[in-house]
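Dock chain to chain to rebuild the complex, using the hints, since each chain is given by itself in its own frame.
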Amino acid sequence: MPDDIQAQASNTRTLTPTVAAVRAALNGVSNEPGVAKPDPILVGSTITRAFGGLVAVDVDHLEVQRGSITALIGPNGAGKTTLFNLLTGFDQPNSGSWEFEGRELAHMRPYKVARLGMVRTFQLTKALSRMTVLDNMRLGATGQRGEGFFAGLVKGLWGAQEAANTTRAEEILSRFNLAEKSADFAGSLSGGQRKLLEMARALMTNPVMVMLDEPMAGVNPALTQSLLGHIKDLREQGMTVMFVEHDMDMVRDISDWVVVMAQGRIIAEGPPEVVMGDKVVVDAYLGAHHDQALTESGVSLQED
Amino acid sequence: MDWNIIFGQALTQGLGVQAIIYALAAIGLNIHFGYTGLLNFGQAGFLAVGAYALGVTVATFGQSLWLGVAFGLLGSVILALLLGIPTLRLRADYLAIVTIAAAEIIRLIVRSVTFRETFGGSDGINGFADEFYALNPFSSGLELGPISLTANNLWITVVGWGLVAISLLLVFLAMRSPWGRVLKGIREDEEAVRSLGKNVFAYKIQALVFGGLIGTLGGFVFALSNQSVQPDNYATTITFFAWAVLILGGAARVFGPVLGSLIFWFLLIFTNLALSEAVRAGYITFISSTQVGQIRFILLGLSLMLLMIYRPQGILGDKKELALDAR
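Respectively, the protein sequence lines represent chains A and B.
Residue numbers for the first sequence follow our numbering, beginning at 1 and rising by one.
Residue numbers for the second sequence follow our numbering, beginning at 1 and rising by one.
Bound conformation, chain B alone (with noise of 0.2 Å):
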């Protein structure tokens, strides 16, 4: 077992692409649920909306990339407002069956044979990244200690981790502002929110286009890396493993997301190389190597139960916020 090969394969895949794609997955979440207290539960809607607009764009209409990148974030928000209007009068739960729902018939339409012609059916869309990585300044990849990157990867990280910062940002910006004032209280009581003359559907709405145009930009790195989109990486597993990354960093953080997400991707893969290795090497002779993918996610399930029993707060997350009386 080379414990220095397993551990820098965690460093890189943990830094990697999966880790900035569920860091914005999950930024995008943050807003929703840690600053307005909506329940999304269709962020993977989000995410395939902008990786659609980037493979029809280019490799359904022969477009430029960046006109799907427009495409991308329009689709964003209109889908933020289909999902918004008609549900964000109701009670918090209408927009958690509301969202759920309809990331599923987002997948579902674009993996289906009618739509072949433009999505791509299952087997969804390739080559539309061309254009993309021909902006690759970097000529060689990186080595660096246990970390070694291609220079493609190199760039796509780059990019990812750009993104993650101007998203932080801008999520610091806001809620450092009457603006994000406005979204806590909406979290904490609606009722007396209105009652101060503040127009809270709007409020809402507004959040809700924001995190959505977050999660889209996950969707964009997504598709970049992959240089292909398939219906079925936006299943709902996208959308429950980014809640599961916001409730480990701490909700209403601004760095909660993407601790937690460096944390839950670095462990799930460092359970995974460590158990394969260990079984090949004949240390573990209970388990084959294919039963390795389910035990991993049985060690994740059990480190989020104990996570939730001793700092249900998350890492970041304030403990005397938690004993608050939620009313």
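Just chain A, with the same shape it has in the complex (with noise of 0.2 Å):
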């Protein structure tokens, strides 16, 4: 990783006040699996869900801290989407429970989940390819009179909510780069100004905590950065962040909290520093004996 890159980052760590506060909150917590934070938003226990005889997710325990950008990292087929599409209930567990703002979630319908507040993105992204950019955004206002059948038939009843969310719509989209696209089938649009999409789309929900998958897959680097700084901006606007990432970089950059899973189990947190030098997430990750000749490290390949 390129110096000015890191001195980048640790440069937006000292800047703001928001992060400097949420930083300052994570400070005392101590980097163990499951560790409780001071001021938890997301408060999770013994979650699983299995596919048949392969256990996807085995989470003991996992509290997210109010307001900051939690990464969830991990190897390939650790279960990261898996815990995604429970938390905000695209998907049933086998067990456990789980609290957001004090209500549980467990079992509940995905379009609550939503209105609750927690809204999520995916990792293949859901652009709604025939309708406008403008009304892929539209959709995603909340408490629309004009979305009931008999109300929707008398404009006189929603057209002024509608007016004032196309005003919001198109604040959004210009903040996002895309306000020149609005009229255009969001079909129309490259990889990642979809994923700019899904992501403004989320924000017309007024959500209180975004699930982001996987926002960087597939995005070119010119437009990487523009998409940190927006989820950055997140968290400036009171969001929590959760997101499941790949790119080191982008984790170290801008995450608060990282959470490792492996085989389906929190193996290691930690502020981003601290867990990437980790030796069970390295482990995870490479293998536990990736940096040893195999004639030197005293396992045999029979004993495996």
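Keep in mind that the hints were calculated from the coordinates and are not lab data.
You can trust all of the hints, since none of them are fake.
Here chain A is said to cover these stretches of chain B; the calculated rule only asks that three of the stretch's residues, wherever they fall, bring their Cβ under 8 Å from a Cβ of chain A:
1. 188-194
2. 198-210
Computed cross-link-like contacts, DSBU-like style, restricted to lysine-lysine with a CA-CA straight-line distance of at most 35 Å:
3. A/LYS181 with A/LYS112
4. B/LYS184 with A/LYS232
5. B/LYS319 with A/LYS155
6. B/LYS184 with A/LYS112
7. A/LYS112 with A/LYS37
8. A/LYS181 with A/LYS232
9. B/LYS319 with A/LYS181
10. B/LYS184 with A/LYS155
Since the model is a prediction, treat every value here as computed from it, not as a measurement.
Cβ coordinates follow ideal geometry from the N, Cα and C atoms, glycine included.
Structure, rendered in structure tokens:
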């Protein structure tokens, strides 16, 4: 990693008061898997999900600090996306419970989870292709009177609200540099623009917590910085962000806290610079004996 | 060969009740498939419910025709709920399987010997439309150029096109509203809509009910124009013709089903008349007049194939939409 990026990353860490406050709150928290946080927005215990014999998720305890950016990392197949699906109601757990702002969420339908303010995006972007970018945005607005069938027939009942939603949608779109695309079909956007649109659309719901599943996957480097900025913005606006990511530079750059999963379990937690040096984490990614020559390791292939 | 008569008859019938029935059936399908992405292969069932509700209420139980209309609409809602509640939480193809089976179950029940007393078996029910034709304000028929209609024909045609106009207005109003926007979102990706806090299941049920009700209006027109209901008129053919009409006109366009229906029936009737005339006049010698009925469907199939190749989005559709990555 080039020095200037590292400098830039540590620079942003010291800059804003919001970030400083979040980091300070997490400062005294010990770096153990499942550790309690001072002000958790999400608290889950003994969450499990098995697909046949494969236990995809087996989380003993997880807490997410309010107002923080928490990264969820781990090698492929660690159960990160499955955990996301469970938390947001898109999959049902075999056991376990979790509370979001003090409300029990387990077995709740996904649309109800979203209405409580926990809104997610998807690993494979779900832009609504044959709808305009603006309509994608307006769909996200909550509490629309015109979304009832009979009220919808009478424009007088929802026209004013629609105009307000449109203004807000255009504001968010211009922040995401999508304003000039607003009349285009969402299906005509590039992959990176779709990621931006999906995030912008999630913001239309006024979320409390945003769950981003691989926000950087397939995004070209030119857009990466802008996406990173938007995610940091969410924190500045008081939202809690949890995201799954494979790009370690990004994780190091923006997250306040990192949770590492492997084989369905949480194996480590802590601030990014601590976690990345953790031997357990390195082993999970690369294998326990990755830096030893086979002949010297004392491990023969037969034993495996 | 008298081209005036052929053209006039094709136009008369093409603008007549056939086109109305299939326009209504296809407007319903347009709500299901065009806007919401639901695969309903049992639209015939919704028409049958409407037609039989009229017949049974009046002819079997001696009640008012208007009570029959109410029962038809109520039955249509119940059918939509029966079809939707078990299947709409599942993948799209389950609804397709269940609807095509349900429509056939309805047809087989009403034509069964067991319920002959109620539904009239395979002969169906007659003599329930008097109350409707008693309201006919037209004392004479219509002779307008090549178009000629009897007074009763004129009455049902006017009422039918009135129902089409009301349905189109409702579809237009509903689809420009945020409600319609949620339906289109569901068509594109229901998980995404769910993630934005919308109760997708409830919207799908509403769409199924709405489209089913408009199909039922088609059933009313079918029953009243024939002044009889026969079970085999409500076979899967109706559903597949309605689908052809929808695809021909262009799905997810307000006027698509109407345009599709007009063109579909004009062409079908025109080719039939022209071919029969040509056979009778001796211009075509290698087919008999009884074969014409089959030949016209071959031509229809061919033209639908050409349409799918050269204009897959339908006549009113937008090719740009189709070119988009569906995900």
